[in-house]
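Number of protein chains: 2
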Amino acid sequence: MNSRYKSYVHGRSDREAERLHYQASKLAGLLHHDTCYPEGNRVLEVACGVGAQTTILARNSPGAEIVSIDISEESLARAKLHVSQEGLTNVTFRQADVYHLPFWPETFDHIFVCFLLEHLPDPLLSLKCMKEVLRPGGTIAFIEGDHGSALFYPDSREAHTVIDCLVQLHREIGGNALIGRELWHLMSDAGFMNIAVSPRIVYADGSHPESVEGVKNIFIAMVEGVRGPAIARGLVENETWEKGIRDLYRTTEQDGTFCYTFFKATGNRES
Amino acid sequence: MNSRYKSYVHGRSDREAERLHYQASKLAGLLHHDTCYPEGNRVLEVACGVGAQTTILARNSPGAEIVSIDISEESLARAKLHVSQEGLTNVTFRQADVYHLPFWPETFDHIFVCFLLEHLPDPLLSLKCMKEVLRPGGTIAFIEGDHGSALFYPDSREAHTVIDCLVQLHREIGGNALIGRELWHLMSDAGFMNIAVSPRIVYADGSHPESVEGVKNIFIAMVEGVRGPAIARGLVENETWEKGIRDLYRTTEQDGTFCYTFFKATGNRES
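Line by line, the protein sequences give chains B and Y.
Here the first sequence is numbered in our numbering, starting from 312 and rising by one per residue.
Here the second sequence is numbered in our numbering, starting from 312 and rising by one per residue.
It is worth saying that the hints were derived from the structure and are not from the lab.
Glycine residues also receive a C-beta, built at the ideal position from the N, C-alpha and C atoms.
Incorrect hints may appear among the rest.
Per label pair, the in silico range of CB-to-CB distance [as the list claims (entries may be wrong)]:
| hint | chain 1 | residue 1 | chain 2 | residue 2 | range |
| --- | --- | --- | --- | --- | --- |
| 1 | B | Arg544 | Y | Asn579 | 32 to 38 Å |
| 2 | Y | Asp345 | B | His344 | 15 to 21 Å |
| 3 | B | Ser582 | Y | Glu397 | 32 to 38 Å |
| 4 | B | Ser509 | Y | Asn549 | 37 to 43 Å |
Please model the entire structure based on the sequences and the hints provided.
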C-alpha cells in the first residue's frame, strides 16, 4: 500500500466524503467555470478521489471522454457510484498511481488535477509524469488551495495555531498545504508553456450566509478533522486547540469575515 | 497640528508621493473600474492626500463635481498641482479633518475614501461623521489594504517579521494595517445599508513582469520605508531586517510569487 494512500491527512470516512462533495458543489462556479473540454477530446483526471470534481467536469464537458484515476480502490468505488447516480456516462475509472501512469505517451488531449499536489512528497515529479501522457500542445490544469491565505476577523493567534497544526501534519506525511503559491514555479520547472495562474478568493461575511456556511462546513470542518493527531503528537495543547476552533467559528458570526484563496494554473505541453 | 497628520506612518517625502502616484496608476483598473459617478452629482473624496486617487476619480466621472479634502495643507498643495497638471477641472480642494467635516448635513450624493481608515485611531467614528454629510440613499465606497493578506513564495519567517514591523508601527500610532477585513463590520456598525465587500487580489509571478515591478515599487518600498523607526524602536534586529527585505525581493525573482489583497466596500445611507 502506497504511503500517500495510507496517510491521506483528512481520512476516508463517510463524513469526509460528504465534506468533499459539499466543497466541490459550493466551489464549482469559482473553480470550474473556465474548464470545458471539446467534444471527442480525451481528458485525464488525476486523483479523482470520491468523484467530487469528476461529476462537475463530466457535466461541463459532456462530449469529452474522461478517464478518472485514483490510487484508492475504495475512493474509486465511491466515485463510480456517485457518477452513475448522477446519470453521467462519459467517465471511465481506473486504479493508478500518478507516479506510474498506465498509459502510452501522449495519450490525452487534456489533464485536470484538483487538490492532489498538496498531498504529494514530490509534486514536481508528478508533473513530469503527467506531461509524458499529454499530447504535444495539450493542456493541463491544476487547482490547489493554500492554507496560508486564510484571513479573518476577528483575528486570533490560536485560530492561526490550529490552522498551522493542519499545515504541519500535512508536512509530516510529506505534503504541503501551502502549495497554491507554488503552482507557478512547479509548472515552469516541469517545462510547461503558456502558464497562467489565477488566484480564486472565497470571501464570506454576514451578507453571504451561504458562503459563511461553506466556511464552517468546508474549512473549519477540515481543521477540526485533525484534532486527534494534532493533540496526540503534541503540536498543540487541548486548551489552545479549543480556543482556536472557537475563534474560527467566531469569524462566522454576524460581524465576522473569512477569506481563503485557491489557485488555478493552466498551461500547455510544447507543440 | 493633529496627531494623525504628524504621524503619517509612511512620511510625506517626494519619494513617498511618487510611490503613491505609481501605486494609484498601477492599481487603477483593479480598484476603480467599478467607481463612476453620474453627471452633476456631488462627490466627497475624503483624505485625498497628494491626489493620487483624485485624478482617477475625476477622469472616471468627468461630469461629477468632486470635493477633495485632506488634513495636510502640504499634501493638498501637491494634489492641486497634480490635478491641474492633468488638465482636470471638476475637482475643488479644501483642508478638513474627517472627524470635523465642514459641510452641512446631507450635502453629498456620494463619498469615496481610499487608504484612510488604516491610519485612523477611531475608524467607526469617522464613518459616522461621513454618514452625516451624505444624503439619504447616497453611496459610500471604501478601499483599504490588509497587510495580513501578503502571501508569497519562497515563504520566509523574516519577510513576515519585517511586514509585522509595519503593522506594529501602524498600531503604535493608532492605526490598523489589517483593516481590509474589517470593512464589513465597520460599515454595518455605522448603519450603512446594502453593504457589499469585494476582495481585490494582486497576484504577481514571472508571467506578469509589470505586476512584479509593482510588488517591488509599491509593497516592498513601503515596508523598506519604515526601516528607521522599526530598528530604532527595537522591533527587529538589523540582521533580521536585512534578511526579511532580501527575502521579499527574492519573491520577485523568476520562480517567485507574491499576492496581496485589497478590499473594496460599498453601501448606502438609508433612504
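Structure-based check of all given hints:
Between Arg544(B) and Asn579(Y) the beta carbons are some 51 Å apart, a value that contradicts the proposed interval 32 to 38 Å. Between Asp345(Y) and His344(B) the CB atoms are about 20 Å apart, so this pair conforms to the stated range of 15 to 21 Å. In this structure, Ser582(B) and Glu397(Y) break the distance hint of 32 to 38 Å, their C-beta atoms being roughly 46 Å apart. The hinted range of 37 to 43 Å is satisfied by Ser509(B) and Asn549(Y), whose Cβ atoms lie roughly 38 Å apart.
Hints 1, 3 from the list above are not met by this structure, while the remaining hints are.
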